[in-house]
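Quick note on numbering: the sequence shown equals residues 1 to 268 in full-length UniProt numbering.
FYI, nobody ran anything at the bench for these hints, they're computed from the structure.
Keep in mind that the hints are not guaranteed to be accurate.
With beta-carbon atoms standing in for the labels, derived distance ranges [claimed, not checked]: (1) Thr162 with Ile4: 50 to 58 Å; (2) Asn226 with Ala52: 51 to 59 Å; (3) Ala7 with Arg207: 37 to 45 Å; (4) Ala245 with Ala7: 24 to 32 Å; (5) Val118 with Gly34: 15 to 23 Å; (6) Lys249 with Leu76: 30 to 38 Å; (7) Ala245 with Met43: 25 to 33 Å; (8) His33 with Ala7: 41 to 49 Å; (9) Asn129 with Arg241: 51 to 59 Å; (10) Thr32 with Val118: 48 to 56 Å; (11) Ala120 with Thr32: 49 to 57 Å.
DSS-like, lysine-lysine: derived pairs with alpha carbons at most 25 Å apart [said to hold, decoys possible]: (12) Lys229 with Lys249; (13) Lys2 with Lys22; (14) Lys203 with Lys229; (15) Lys249 with Lys186; (16) Lys59 with Lys2.
Glycine included, every Cβ here is placed at the ideal spot set by N, Cα and C.
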Amino acid sequence: MKRIDLANLLSSATNIAMFAEKLVMQTRGLGTHGHAELPPDRMISTFMASLAYVSDTAKWLDLPATAAACDRCHGLVRYWLQGERILINRERGEQLSGTCYQITTSLGDELGRHHTYVVAPREGALIDNGISLFGLEVVQTFPDTRVDISAGAACLAYELWTACVMHMMRVAETGVGALADHLSVKRGTTWGGTIANINEALKDAARIRGDAQLRAWASETGTYLNFVKDAFRNPAMHPERTFSAEEAKMIFDNTRAFMRMLTQRLTP
């Protein structure tokens, strides 16, 4: 899977096509020995930048026909320098405009054989900034969760709901284990056993007098812990279990809330 700047690719292809049209208009009426001067404006620099971007993208995506057309086009214009007079005859104009059309046509044909997936900006933020959106303090407190948090956020963006939940389960396991150690309770032989031991310790903490913040933290942490227990109940025992979009998003949000609660009391 490769990520491209689709807006840049589309605008670059459009710039190349517009340049070809303008070239045809300027050279079609020339005689055998006539020349047209291309204006030294932004049109040339925009065309050259667009050609370079399409060429690089074509080679990266393995689009051989498009890449070859870009190379031919570059061979026709490689001596052009910005600010200098550029004179072009009808024959060269036809060659260049024809090559530009080949670029845009080949690009459309070859991209048509690729599977293309578009991620909306909101979901794209999960790919680019998944860790920040989940909480930098979580990764700082539990460094081992970095990979699963990033992957879980990306899976949410790509609509891989069950995969997202599996990554969140691994994140929650780290949090549950750390919470057990923090409360000095014995880790059980099963996921449920450990959580049961933690719940008892949290209930005791919630009853402690004189520390309102600790009581509030213990009570809220217990609420999220029970959600984690129910959401991931014996996940390994049910490999056929799949999760919906709503379930995955809810589990992602609640796992994030649970892990953030832990950072208030647990230290790296």
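task = Indicate whether the distance between the beta carbons of His33 and Ala7 respects the range 41 to 49 Å.
result = holds, 42 Å
Hint check for Met43 and Ala245 - Cβ pair distance inside 25 to 33 Å = violated, 47 Å
task = Indicate whether the distance between the beta carbons of Thr32 and Val118 respects the range 48 to 56 Å.
result = The hint (48 to 56 Å, Cβ to Cβ) holds, given that Thr32 and Val118 are roughly 49 Å apart.
query = Do the Cβ positions of Asn129 and Arg241 conform to the proposed distance bound of 51 to 59 Å?
reply = violated, 29 Å
Satisfaction of the hinted span 50 to 58 Å by the C-beta atoms belonging to Thr162 and Ile4 = violated, 27 Å
request  = Can you let me know if the beta-carbon spacing of Val118 and Gly34 is within 15 to 23 Å?
outcome  = violated, 46 Å
task = Please test the hint of 51 to 59 Å on the beta carbon pair from Asn226 and Ala52.
result = Since Asn226 and Ala52 have Cβ atoms about 57 Å apart, the given range 51 to 59 Å holds.
query = Between Ala120 and Thr32, does the beta-carbon spacing fit 49 to 57 Å?
reply = Distance hint for Ala120, Thr32 holds at roughly 54 Å.
request  = Take a quick look at whether Lys59 and Lys2 sit within 25 Å of each other, Cα to Cα.
outcome  = Holds, because 12 Å separates the two Cα atoms, which is no more than 25 Å.
task = Kindly confirm whether 37 to 45 Å is satisfied by the beta carbon distance between Ala7 and Arg207.
result = Since the Cβ atoms of Ala7 and Arg207 sit about 58 Å apart, the hinted range of 37 to 45 Å is violated.
task = Compare the distance between the alpha carbons of Lys203 and Lys229 with 25 Å, and conclude whether the hinted pair is satisfied.
result = Between Lys203 and Lys229 the Cα gap is close to 16 Å, so the pair holds against 25 Å.
ask   = Quick one, are Lys229 and Lys249 close enough, alpha carbons at most 25 Å?
value = holds, 16 Å
The structure fails hints 1, 3, 5, 6, 7, 9, 13, 15 (numbered hints given earlier, in ascending order).
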